[in-house]
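Undergrad: The listed protein sequences correspond, in order, to chains B and S. Just so we're aligned, residue 48 is where the first sequence starts under the numbering used here, counting upward by one. Just so we're aligned, residue 107 is where the second sequence starts under the numbering used here, counting upward by one.
Worth flagging that the hints you see were computed from the coordinates, not collected in a lab. A few of these clues could be false.
Said to hold, decoys possible - Below, a list of computed lysine-lysine pairs in the DSS-like style, where the Cα atoms sit at most 25 angstroms apart:
| # | chain 1 | residue 1 | chain 2 | residue 2 |
| --- | --- | --- | --- | --- |
| 1 | B | LYS138 | B | LYS166 |
| 2 | S | LYS203 | B | LYS52 |
| 3 | S | LYS217 | B | LYS52 |
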Amino acid sequence: MKIFKGQGTADLGKPWRFEEDGLTVTRGCAWSPPGCHPTGCGIKTYVNSNGELVRVEGDENHPITNGRLCVRCLTIRDYVYNPDRVLYPMKRAREDRGKNKWERITWDEAYDTIAEKVKYFKDKYGAESILVMGGTGREGGPMLPAYAHACLGTPNACYTQSGYSCYIPRVAGTTYVMGATYPEMDYAGGLPGRYDDPMFKLPELIVFWGKEPLPSNGDGLFGHAAIDMMRRGSKLMSIDPRVNWVSTRADWHLRLRPGTDAALGMAMLNVIIEEDLYDHDFVDKWCYGFDQLAERVKTMPAEKAAEICGLDAGEIREAARVYAAAKPAQIAWGLAIDQKSNGVQAGHCIMALEAITGNIDVPGGQLIGDVNDGLELGFGWNNLGPELQSKILGIKEYPAYVGLVLNAQCDMVLDALEAGDDAKYYPFKMGVFEDTNFLAGTCAAQPKRWHDAMVKNLEWCFGIDVWMTPTIQATCEIFLPLSSTVEHDTVVYTHYGASPIMAGAVNKSITVGDCKGDCEIFYELGLRCMPINFEKYKDYYDFLADYRLAYKRTFEELREEVVHQKTEMCGYYKYESGRLRPDGMPGFNTPTGRVELYSTMFRQFGEDPLPYYEEPQFSPVSTPDKMEEYPFVLTTGARTYCYFHSEGKQIPYLREMNPDPLIEINPEDALKHGIADGQWVEVASPFGKCVLKAKVSQIVKPGVVHAQHGFWFPEKDPEEPSLYEVWRSNINERIPHFMVGKLGFGAPFKCLICSVKPVSENYDTDMMEVWDHFGKLVI
Amino acid sequence: MTAYGLLIDYEFCTGCQSCEVACKEIHNIPVGQWGIRVLDDGPWECSDGKFNWNKIPTPTRLCDLCVERTDKGQQPFCVHHCLAGVMQWGTVEDLAKELEEKPNQVLFVPKPYQY
Ligand code: SF4
Ligand code: SF4
Ligand code: SF4
Numbered sequence: 048m049k050i051f052k053g054q055g056t057a058d059l060g061k062p063w064r065f066e067e068d069g070l071t072v073t074r075g076c077a078w079s080p081p082g083c084h085p086t087g088c089g090i091k092t093y094v095n096s097n098g099e100l101v102r103v104e105g106d107e108n109h110p111i112t113n114g115r116l117c118v119r120c121l122t123i124r125d126y127v128y129n130p131d132r133v134l135y136p137m138k139r140a141r142e143d144r145g146k147n148k149w150e151r152i153t154w155d156e157a158y159d160t161i162a163e164k165v166k167y168f169k170d171k172y173g174a175e176s177i178l179v180m181g182g183t184g185r186e187g188g189p190m191l192p193a194y195a196h197a198c199l200g201t202p203n204a205c206y207t208q209s210g211y212s213c214y215i216p217r218v219a220g221t222t223y224v225m226g227a228t229y230p231e232m233d234y235a236g237g238l239p240g241r242y243d244d245p246m247f248k249l250p251e252l253i254v255f256w257g258k259e260p261l262p263s264n265g266d267g268l269f270g271h272a273a274i275d276m277m278r279r280g281s282k283l284m285s286i287d288p289r290v291n292w293v294s295t296r297a298d299w300h301l302r303l304r305p306g307t308d309a310a311l312g313m314a315m316l317n318v319i320i321e322e323d324l325y326d327h328d329f330v331d332k333w334c335y336g337f338d339q340l341a342e343r344v345k346t347m348p349a350e351k352a353a354e355i356c357g358l359d360a361g362e363i364r365e366a367a368r369v370y371a372a373a374k375p376a377q378i379a380w381g382l383a384i385d386q387k388s389n390g391v392q393a394g395h396c397i398m399a400l401e402a403i404t405g406n407i408d409v410p411g412g413q414l415i416g417d418v419n420d421g422l423e424l425g426f427g428w429n430n431l432g433p434e435l436q437s438k439i440l441g442i443k444e445y446p447a448y449v450g451l452v453l454n455a456q457c458d459m460v461l462d463a464l465e466a467g468d469d470a471k472y473y474p475f476k477m478g479v480f481e482d483t484n485f486l487a488g489t490c491a492a493q494p495k496r497w498h499d500a501m502v503k504n505l506e507w508c509f510g511i512d513v514w515m516t517p518t519i520q521a522t523c524e525i526f527l528p529l530s531s532t533v534e535h536d537t538v539v540y541t542h543y544g545a546s547p548i549m550a551g552a553v554n555k556s557i558t559v560g561d562c563k564g565d566c567e568i569f570y571e572l573g574l575r576c577m578p579i580n581f582e583k584y585k586d587y588y589d590f591l592a593d594y595r596l597a598y599k600r601t602f603e604e605l606r607e608e609v610v611h612q613k614t615e616m617c618g619y620y621k622y623e624s625g626r627l628r629p630d631g632m633p634g635f636n637t638p639t640g641r642v643e644l645y646s647t648m649f650r651q652f653g654e655d656p657l658p659y660y661e662e663p664q665f666s667p668v669s670t671p672d673k674m675e676e677y678p679f680v681l682t683t684g685a686r687t688y689c690y691f692h693s694e695g696k697q698i699p700y701l702r703e704m705n706p707d708p709l710i711e712i713n714p715e716d717a718l719k720h721g722i723a724d725g726q727w728v729e730v731a732s733p734f735g736k737c738v739l740k741a742k743v744s745q746i747v748k749p750g751v752v753h754a755q756h757g758f759w760f761p762e763k764d765p766e767e768p769s770l771y772e773v774w775r776s777n778i779n780e781r782i783p784h785f786m787v788g789k790l791g792f793g794a795p796f797k798c799l800i801c802s803v804k805p806v807s808e809n810y811d812t813d814m815m816e817v818w819d820h821f822g823k824l825v826i
Numbered sequence: 107m108t109a110y111g112l113l114i115d116y117e118f119c120t121g122c123q124s125c126e127v128a129c130k131e132i133h134n135i136p137v138g139q140w141g142i143r144v145l146d147d148g149p150w151e152c153s154d155g156k157f158n159w160n161k162i163p164t165p166t167r168l169c170d171l172c173v174e175r176t177d178k179g180q181q182p183f184c185v186h187h188c189l190a191g192v193m194q195w196g197t198v199e200d201l202a203k204e205l206e207e208k209p210n211q212v213l214f215v216p217k218p219y220q221y
C-alpha cells in the first residue's frame with residue numbers, strides 16, 4: 048500500500064537491521080534530540096565498519112511517515128558530528144558562572160557530585176529547595192515531573208513558561224471537561240489500512256484552530272497527514288490571524304484578531320444551537336449542562352463576536368454551519384489557544400463544539416485514548432510522602448494547575464527565585480536544567496529576570512543538553528551531555544502515550560563521545576539519589592519496558608518490530624463500551640459521566656463553569672490609551688520547519704533557511720513606518736525592546752505583527768554579558784510576567800501590543816561565519 | 107535516449123524544503139548553493155479576497171536526477187523525503203500522463219549535472 052505515488056519502496060519488508068553495500072542499516076524511529084515532539088518518524092541510519100554514520104534516510108516501512116523526513120532529521124549527521132557539540136561531562140566553579148571555563152570529568156564524578164549536592168540541599172534546606180526546570184516536547188520534556196519527584200526527590204518540577212502556556216491549559220480543559228487528555232484529530236495512525244482501513248472515515252472537514260501542525264508536528268501529530276487527507280478529499284477550515292501556507296489551501300479562513308478565540312467559539316456554538324444544527328442524540332445521552340451553555344452563548348451573537356474578532360457576522364455563521372454539517376469533522380486546536388489568559392475558556396468552547404456536533408470518538412473525528420492504554424502518571428510522586436507533596440509551590444493558590452501536572456506554578460517560582468531567602472514559603476537553592484534553553488526566549492516570559500534571579504540566588508546548578516546554551520553557560524556548575532536519537536535505545540510514543548496510534552523503537556546505531564540519553568541519565572542518577580524508585584529494576588531495559596511500555600512488551604521485542612501500531616487499542620464510541628472510565632461503566636471519565644458543557648470541576652476550582660470571553664490585558668480595546676505609543680498587536684512564536692524553538696542554529700543547512708529572527712509586518716504598515724523589507728527594526732512593548740529583521744508581507748493583516756522566538760547566536764561570544772548575544776533579539780523579554788488566568792493558566796504570548804521602528808544598524812547573519820564555525824564536521 | 111523528469115504537484119507542495127535539504131545532504135552541496143530550490147510566490151491577495159501562495163521547487167543546474175539511486179531502483183533523494191509526497195520521478199512519457207490527470211502540477215526535465 049502506498050500513501051503517495053513517489054513513495055520509496057526499495058527497502059519495504061527489510062528487518063530492523065540489515066547490510067547494504069558494506070554498510071549496516073538500522074531502522075528506527077526518531078524522537079529527540081534533534082528537538083522534536085514524539086512524532087517518531089521512521090529513520091534508517093547507514094553506518095560504516097568504523098562505526099561512523101555515513102548518511103540517514105527516511106524509512107518507507109513506517110506506516111505513518113512512509114519514508115518522509117523533515118529537514119531536522121535530514122541534517123542529523125551535521126548535528127551529531129557538529130564541532131560545537133559537547134561530548135563529555137564537564138564541571139566549573141561557581142565563581143566562573145558565565146565564563147567558558149569548563150573542565151572535562153567522568154560520569155562517575157558528575158553523578159557523585161550531583162548526588163552529594165542533592166543530599167546537602169535536602170539536609171540543609173529541605174528537598175523542596177531543589178528546583179527542576181524543563182523544556183517542551185523533547186524526550187526530556189514529559190519526563191520533567193518524574194525527574195523532580197522520582198529521580199531527585201523534590202516536589203518542585205517547573206515548566207517555566209508563564210501560565211504553563213503550552214499544551215497543559217488544553218489538557219487541563221479536556222481532563223476536567225471530558226475526562227481525557229487532548230483528543231487528537233483522527234488520521235488513522237493506529238489502523239493498519241490507514242486511510243483505506245474499513246474502520247476509518249475520511250473527515251469531510253479538518254479545522255486548524257490556532258495550530259499549524261505541518262512544521263510543528265505538535266505532540267507527535269504527523270502534520271502532513273492532513274495533506275494526505277486533503278489530497279483524498281477532506282476540506283480545510285483555518286482559524287488563524289495569519290495567512291500561513293496551509294490557510295491558502297483552506298476553503299474557509301477566519302482571520303480573527305489575536306486573542307479573541309473564545310468570543311468566536313461562543314458565537315459558533317450559539318449559531319449551531321439556535322439553528323438547531325446539533326446532534327440531539329449525543330447531547331441528550333452524553334452531555335451535561337446543555338441548557339446552561341445555550342443560555343450563556345446567547346450572550347455572544349455573531350454580530351457581537353464579529354466586532355470583537357474583526358470578522359464578518361456572516362463569515363462566523365457560515366463557519367458554524369459548515370462545521371456542523373460536515374460528518375465527520377475534526378478540529379486540531381493548538382498552542383495559540385494556550386497562550387492567553389482566557390485560553391481555557393476558548394478550549395472549553397472548542398470541546399463543546401466537538402461534543403454537540405457528535406464528533407467525539409467517532410471515525411475521522413476526535414480520538415480519545417482508551418483508559419486502559421495510558422501509562423501510569425506521577426512516577427515517584429507517592430514516594431515523596433504527604434509532607435513534601437504539600438510543599439509543591441502553588442498547590443493552595445492554583446490547585447487546578449499544580450494538582451494536575453504536579454508542577455510548581457511557574458510564575459510563583461520566578462517570584463520566589465527573585466525573593467531569595469525572603470521567599471514567601473521557602474527559598475530555592477539548587478537548580479536543574481533538563482533539556483531546556485529557556486533564557487533564549489523559548490518557554491519563559493521575562494527571561495532576563497529569570498537569569499538574574501537564578502544566577503544570584505541558586506547556589507548550585509547542573510544542566511543536561513547537547514550543546515552549551517546561554518542558559519547553562521549562565522548558571523551551571525556541571526554539564527551532562529545528551530546523546531541524539533540515533534545514539535541511544537528508548538521508546539517514542541505518539542502523543543506521550545495518550546492516543547491509540549503507535550509506540551516506536553528509537554534504535555541506537557552509533558556512539559559519539561561519552562553522551563547518554565534522557566532516560567538513561569534519569570535511571571542512573573535516580574539509582575543514586577532516590578534508589579527507592581529504581582532498585583526494583585533489573586537494568587535499564589527493564590526500567591524502559593515498565594516506564595514506556597507498561598510491560599506490555601519488552602524493548603527488545605519493540606526493537607525488532609520498530610513501529611508498533613496500537614491496533615489492539617483502536618476502537619471508537621468507547622463512551623458506549625465503558626473503555627473511557629476506570630470503573631468500566633459507560634460514559635466519560637468526569638464527575639457526571641458526561642462531557643461537561645457546564646463544568647462541575649471548574650466550578651469547584653472557583654472558576655466560571657461556563658465559557659466566557661475576556662479581552663487580552665493589552666489590546667486596542669482594553670488599552671486604547673497605549674495604542675499611540677504601541678500601535679501594533681503583537682503575536683509571537685509561529686513555528687518553522689528548520690528550528691525546534693531555540694535549537695538548530697548551529698546546523699548550517701538549517702540556519703541558511705532562516706538565518707535571522709524575523710518580524711512579519713503588512714506592506715501598508717511598512718510604508719507608513721518607513722520600513723523596507725529586510726531592514727532591521729526595534730520592537731518595543733511596555734516591557735522592553737529588542738531588534739528583529741522586518742519581513743514585509745501580507746501574511747499579517749495591517750495593524751498586526753508577528754515575531755519569531757527562540758533566537759540566540761551560537762557563533763557569537765559565549766561569555767557574560769553576551770551569552771551568545773541572547774538578549775539582542777529576545778522577543779520573550781517583551782512578554783509580561785504573571786498575567787495569567789484564574790486557574791493559573793495562559794499568558795499573552797500571542798496577544799500583546801508593540802511598536803516597530805526602523806533602525807540603521809544591520810545585524811545580518813554572515814552565513815560564512817556560521818559555515819566556518821559549524822560546517823566542518825568532527826568524525 | 108529516454109528522458110526523465112520530476113513532476114511536482116504545487117497545489118499541495120507545502121514549502122517544507124525537505125527536497126532542498128535532502129539534495130544538499132546527498133550531494134554534499136555547501137551553504138549558498140542548491141540542487142533544487144523552493145521558489146516562493148506569495149502570499150498576495152487577489153480581488154476575490156483569496157490569497158495566492160505557491161511554492162515551486164525548481165531543480166537547478168546542479169541536479170543530476172539522482173541517477174545513482176534511480177539505477178538501483180530507489181527514488182531520488184528529494185522525492186523519497188518530500189513531506190507532502192507531491193514529487194514523482196519517472197520518464198517524461200509517464201509523467202506527462204500524470205500531468206494530464208490533475209491541474210496545478212509542473213514537470214521539470216533537467217539536464218543531469220555531471221558530478
Ligand atoms: S518531525 Fe521530528 S522525528 Fe520527524 S523527521 Fe522531523 S525532527 Fe525527525
Ligand atoms: S533529483 Fe537528486 S539531484 Fe535532483 S533535486 Fe532531487 S535530490 Fe537533488
Ligand atoms: S519536499 Fe515536497 S512538499 Fe516539501 S518543499 Fe519540496 S516538493 Fe514541496
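Undergrad: Compare the structure with each hint and give your call.
TA: Hints, one by one, checked against the model:
no.: 1; hint: B:LYS138 with B:LYS166; in the structure: 19 angstroms, holds
no.: 2; hint: S:LYS203 with B:LYS52; in the structure: 14 angstroms, holds
no.: 3; hint: S:LYS217 with B:LYS52; in the structure: 23 angstroms, holds
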